[in-house]
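Single-letter residue listing:
Protein chains: 2
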Amino acid sequence: MHLHDLETPALILDRTKVDRNIARLRDRLAGLGVSLRPHVKTNKSADVARRIGEPGTPITVSTLKEAEYFLQHGWTDILYAVGIAANKFAHVQRLMQQGAQMTVILDNVASAQALAAFCKDQNLTLPVLIEIDCDGHRSGLVPTAPELLDVAAQLGRAKQDGGAWVAGVLTHAGASYDCDSTQAIVAMAEQERAGAVLAAQRLRDAGYAAPVVSVGSSPTAHFAKALDGVTEVRAGVFVFFDLVMNGIEVCTMDDIAVSVLCTVIGHQKEKGWIITDGGWMALSRDRGTSRQKTDQGYGVVCDVDGQPLQDLIVAQANQEHGVLAHRSGDPARTPMLPVGTLLRILPNHACATAAQHPAYQVVAGGQEVEATWPRFSGW
Amino acid sequence: MHLHDLETPALILDRTKVDRNIARLRDRLAGLGVSLRPHVKTNKSADVARRIGEPGTPITVSTLKEAEYFLQHGWTDILYAVGIAANKFAHVQRLMQQGAQMTVILDNVASAQALAAFCKDQNLTLPVLIEIDCDGHRSGLVPTAPELLDVAAQLGRAKQDGGAWVAGVLTHAGASYDCDSTQAIVAMAEQERAGAVLAAQRLRDAGYAAPVVSVGSSPTAHFAKALDGVTEVRAGVFVFFDLVMNGIEVCTMDDIAVSVLCTVIGHQKEKGWIITDGGWMALSRDRGTSRQKTDQGYGVVCDVDGQPLQDLIVAQANQEHGVLAHRSGDPARTPMLPVGTLLRILPNHACATAAQHPAYQVVAGGQEVEATWPRFSGW
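Listed in order, the protein sequences are those of chains D and Z. For what it's worth, UniProt numbering labels the leading residue of the first sequence as 1, then goes sequentially. For what it's worth, UniProt numbering labels the leading residue of the second sequence as 1, then goes sequentially.
Excised from the complex, chain D in its bound form (with noise of 0.2 Å):
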């Protein structure tokens, strides 16, 4: 099958620029002496995940679906990275009856509480991690905060306590996605790093095991200069890259692996607008990029072989309409390609633009579909 033969909108995937983002930064953290925790949130697929590591290798996850979907394709070592909530831990105990060896995570004295007396009700053993705070930009106490020794005090000191155990701390740079240079980024690398190993020690101090130190963002990821006291990278987003990387320099704009095929249905003429059946519905309604130096809209146009069409934006977006235009707003810039013509649309945030799909339609460079990889939505 070929691009040609597709209906639009569809979801690309090229599978040689997933694999060279993989092993750039398996490389790379090889070298500093961490593992890698993918987060498949991402991808939520298993033809994409494998290519990461294979199953029984460990996986981060955003919902327990996902927990669900790749345990049951062979992926048994699963951090829920999300604080969990008192009505998710009958799931995680199916999940772990399943054969699943979960670890999750929280960040206050009320979670920690519930989840202890629900372990000790369940006779469960649940490793949890304490979420850092490194940079205010979410959840997680900060690295110094008194509360961290009260959190811990709710759960078991090791694993032979049995319950639920301190079994590390977790924390995610998140402001990374918003620096300004490499720099910023180095620097909020070990902001991250040493937020995480401080808020460790403490705990190992007052006498927790606190084996686990997962850090993790695909920016802070690619720039690390060191991660001692690290045991653990998380990252996501590295698979696919996206505009918003590609804006604070994490990736080429030849290494976004992903893109939404979509076909020109109209014109506008007189206002330069290119129109097209690939609409928000398609593309999702992220806007990642208008808070970067470059706006790219609603994502970059490209040729149905991915390379940019010079300055051809998504200008505008209706549910299943996009409005391609010069990125200078000039009319007369647009260069009106025929109705029927393909194109493929470079995304702001990979993760909300798979999400819009059922589906990776894969290619290896060129316009052979050699490949139909599912993925799912939901909770």
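Calculated from the structure, these hints are not laboratory results. It is possible that part of the hints are untrue.
No copy is singled out in the list; a pair is fine if it fits within one copy or between any two copies.
[Claimed, not checked] Below 20 Å or equal to it, Euclidean Cα-Cα: the simulated EDC-like pairs (lysine to aspartate or glutamate) are:
no., residue 1, residue 2
1, K269, D77
2, K269, D150
3, K269, D330
Values in this document were obtained by computation on a predicted structure and should not be read as measured data.
On the provided structure of chain D, position chain Z as indicated by the hints.
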């Protein structure tokens, strides 16, 4: 089952509000003597669509997957309201062979030529609506465009000619979503009506049958004073409503039938943040209210009964995390709802939010879940 028995996030649909919203528009259009061809792109669910009209009643779709699904559930009179691309011709033909009465749209000579050639080649009789641009919002020809007759000239004059034939015109007043007063919506509705009727008249004067004059958007459908010359109205979001519709006063906040159930999983007290497990994956990245008088962030926070909590909004969203804060940004004004609190978030755009979920959890005003209605996504 009760809302407290669900894992979060989950999509909640209040059936009583759905029925009330449907009755309101049905009564209104009956008064204007025009029939409804509901757009099922918002609900993508036979269970919801049956509340608007029994299988067999006319529907509008935005994807051929919707056409396929609703045909399987008994709906046969299907208008695919996105300019047809040649890579979808064969799919339309398959749907017709399976019993669908399909209507398609287009707005340019190239598409009309390609479709006419396909229909001639395949001996297919297919009604075509020519898309009219009534408001400069997206696709279509302006009502007075000379090209209107050039497009029609590629097609048959009436059904008995066979092939692709001119069944009429279609327009969508998408600009009505940006109106800032009811008066402006009333004016836009008349502009939409008048433009479509004028274009249809030009076609009839030139000898084309053009029996259909199809108009519609949820705002104009609710405020049109007259629909003389119009044969059908399309609307979709009116079944659920959302904050964008509330922002332009098409509905009250109490009319919004769809919400995302989520759970408080932590806090950042000094920032006045409440962290939940309802992020942009559950809410969508839609920020449609950001250009309205009141920016609702990623949604309005309600208690588990669906009552808005004073001035609490989803101020930020990560993939699986929502950050709730007081609208003012003053940390002291955020009520620190305890970990474990169940909340319901009203969405900016019902189409975008519902698309993120595999099913509706249906309530009837209360907290009792009386049914689970599946829905689908993709193409």
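Now the hints, each set against the structure:
For the homomeric pair K269 and D77, neither the shortest alpha-carbon distance inside one copy (55 Å) nor that between copies (33 Å) is at most 20 Å. Taking the shortest Cα distances, K269 and D150 sit within 20 Å of each other only across copies (16 Å), while inside one copy they are farther apart (65 Å). Taking the closest pair of Cα atoms, K269 and D330 come within 20 Å of each other only inside a single copy of the chain (11 Å); across copies the shortest separation is 47 Å, beyond that limit.
Taken one by one, the earlier hints fail for this structure only at number 1.
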